[in-house]
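Sequences listed follow chains D and L, in order.
Per the working numbering, the first sequence runs over residues 1 to 310.
Per the working numbering, the second sequence runs over residues 311 to 620.
In case anyone wonders, no lab produced these hints; they're calculated from the structure.
Where hints are given, some of them may not hold.
[Claimed, not checked] SDA-like cross-link-like pairs, simulated, lysine to any residue; straight-line CA separation at most 20 Å:
no., chain 1, residue 1, chain 2, residue 2
1, L, 491, D, 180
2, L, 490, D, 217
3, D, 294, L, 491
4, D, 180, L, 428
5, D, 180, L, 460
6, D, 7, L, 492
7, L, 491, D, 42
8, L, 490, D, 42
9, D, 180, L, 490
10, D, 181, L, 490
11, L, 491, D, 118
12, L, 491, D, 181
What follows is each chain in one-letter form.
2 protein chains.
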Amino acid sequence: MDASSFKDFDARLAATAGETEALLERLLDDAPVTGETARPERLLAAMRHAALGGGKRLRPFLLVESAALFGTARSGALLAGCALELVHCYSLVHDDLPAMDDDDLRRGRPTVHNAFDDATAILAGDALLTLAFDVMAREEVHRAPAVRVALVNELARAAGLGGMAGGQMLDLAAEGRFAKKRALAIAEIEILQAMKTGALIRFACRAGAILGEADAAALASLDRYGRAIGQAFQIADDLLDLESDAATLGKAAGKDAAAGKATLVSALGPPGAHARLDALVREAEDALAAFAAKADTLRAAARFVAERRK
Amino acid sequence: MDASSFKDFDARLAATAGETEALLERLLDDAPVTGETARPERLLAAMRHAALGGGKRLRPFLLVESAALFGTARSGALLAGCALELVHCYSLVHDDLPAMDDDDLRRGRPTVHNAFDDATAILAGDALLTLAFDVMAREEVHRAPAVRVALVNELARAAGLGGMAGGQMLDLAAEGRFAKKRALAIAEIEILQAMKTGALIRFACRAGAILGEADAAALASLDRYGRAIGQAFQIADDLLDLESDAATLGKAAGKDAAAGKATLVSALGPPGAHARLDALVREAEDALAAFAAKADTLRAAARFVAERRK
């Protein structure tokens with residue numbers, strides 16, 4: 001990618017992040033919506049701490065750009081992207097808890113349980129997850145209830161027992177939390193990561209096709225693209241943890257290596273991991289072939305995911 | 311209520327509980343469904359510990375009996391009831407955590423964090439909540455996507471920031487967790503309880519009307535009924551905490567009084583609370599007037615909620 005297209009991509013990513021932030025701000029204002037009794041101040045403040053003021057908003061971006069392939073309304077895709085981002089934010093709040101990964105810093109700020117307390121952080125995560133489904137079910141996401149209910153169902157499966165939450169469980173187990181630690185086979189690491197981080201990224205891309213009422217072939221293409229960049233994202237993340245520092249990351253660095261965490265980087269070695277990353281970017285680009293030039297932003301996103309430095 | 315109608319009611323409640331249990335058992339078996347990668351054994355075991363083998367399944371019962379007023383398919387109402395029960399079960403798992411209410415016993419068995427550990431309990435709660443929305447979005451709940459998406463949206467609002475999760479936050483605050491403890495006014499206790507326990511019970515009754523594609527008047531009647539029995543449920547619960555023992559309850563007793571917890575029983579005194587309970591049962595019965603004899607089971611349910619002894 002040459003310097004100018006990188007710049008275009010960065011501007012596009014930043015624009016969607018800004019729109020996402022503005023929408024999240026509105027979703028998390030202090031006025032109760034129909035069906036709510038009141039919005040307790042402390043809980044709302046903790047949710048806002050978790051969801052506002054940061055992040056690349058990569059998942060909403062992927063969702064919006066995938067939906068754009070089909071010419072769907074951007075406003076609905078942005079709202080669906082917010083629902084997805086709320087799930088991502090909840091997972092960070094719970095994963096950071098002392099009982100889980102015990103992290104003090106997130107996006108350069110105190111984690112929610114540090115800024116508030118453990119009970120408030122648990123509830124804030126719960127309420128963010130719950131809000132995600134409220135939002136995804138709203139008429140503003142798409143005029144067709146069948147589309148919204150499909151998105152709700154897929155989001156739940158990507159996030160739950162057989163997806164993200166299950167992946168976090170496998171990760172804790174792999175650290176030797178519940179039994180003697182043992183080295184994971186590469187195939188086991190791939191399953192863990194497909195669940196823990198891959199599932200939401202893959203959902204982002206599938207959700208664009210669902211919003212666009214795409215045919216089966218287009219959905220399959222975006223599914224393949226989403227799987228590839230989900231894997232690429234995790235490898236890039238693990239390389240960053242190895243090669244970067246806390247000031248750049250805005251969170252603790254070197255922690256995975258220190259914990260002897262099972263990653264593809266440790267299993268394949270850094271050169272092997274870089275080669276895998278390149279192959280995944282090619283796979284992602286191949287998956288988009290049928291969309292021709294319309295998918296250039298998604299192609300740039302694949303390279304961005306693989307090459308990002310923070 | 312004479313002895314024989316009590317017996318009929320008990321049999322009906324037990325039958326629905328049995329059907330709910332069987333459905334939950336199927337929802338929580340070890341076979342991944344479409345969109346899931348794998349079902350990690352430890353997480354699934356913790357979810358099963360939390361959701362299976364107990365409880366009156368009052369919320370599913372109210373949903374099923376409310377839906378029955380409109381002649382909807384019982385199978386769909388039972389599945390929607392399971393979705394609701396999963397939300398209830400998740401809330402118990404998280405509320406029992408050491409960082410929250412720190413309870414060791416639930417339904418006479420160790421709480422999830424005691425039987426497993428805190429991290430697993432947090433994830434099990436998260437995954438139960440997530441599964442609830444997966445289930446509510448399934449076609450088997452109702453043929454019309456518009457009905458399912460309305461149920462998803464209402465369930466989320468009943469459970470989240472402006473409902474149950476918000477109510478738990480207010481409850482922790484009322485215990486003096488974050489600032490100096492102060493006595494709550496009766497109106498504040500009512501709001502807290504309408505959110506913490508009332509919202510899901512009210513949702514159960516509204517959900518029956520939504521499944522039945524009821525008109526606005528019927529929905530309003532069930533809403534009024536649901537509000538009344540939600541309040542009655544909490545007052546009965548607080549009276550039980552005061553008047554019962556742990557062996558009968560299957561959980562710690564006298565804990566609220568020991569913590570000086572703000573309840574309507576402490577605010578009104580036991581005689582005042584009993585009088586309020588009677589008034590709420592009459593209110594619930596009044597709300598059902600338009601349904602005539604078809605609503606006899608719901609009338610019995612109102613009395614059951616107020617008079618239950620465990």
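Hint-by-hint comparison with the structure:
1. L/491 x D/180: Violated, at about 45 Å.
2. L/490 x D/217: Between residue 490 of chain L and residue 217 of chain D the Cα gap is close to 60 Å, so the pair fails against 20 Å, i.e. violated.
3. D/294 x L/491: violated, 60 Å
4. D/180 x L/428: holds, 18 Å
5. D/180 x L/460: violated, 46 Å
6. D/7 x L/492: violated, 56 Å
7. L/491 x D/42: Roughly 15 Å between the alpha carbons, so the hint for residue 491 of chain L and residue 42 of chain D holds.
8. L/490 x D/42: holds, 15 Å
9. D/180 x L/490: violated, 45 Å
10. D/181 x L/490: Measuring from Cα to Cα gives roughly 45 Å; hence the hint is violated.
11. L/491 x D/118: Status holds; Cα separation ~19 Å.
12. L/491 x D/181: violated, 45 Å
In the structure shown, a violation is registered for the earlier hints numbered 1, 2, 3, 5, 6, 9, 10, 12, in ascending order.
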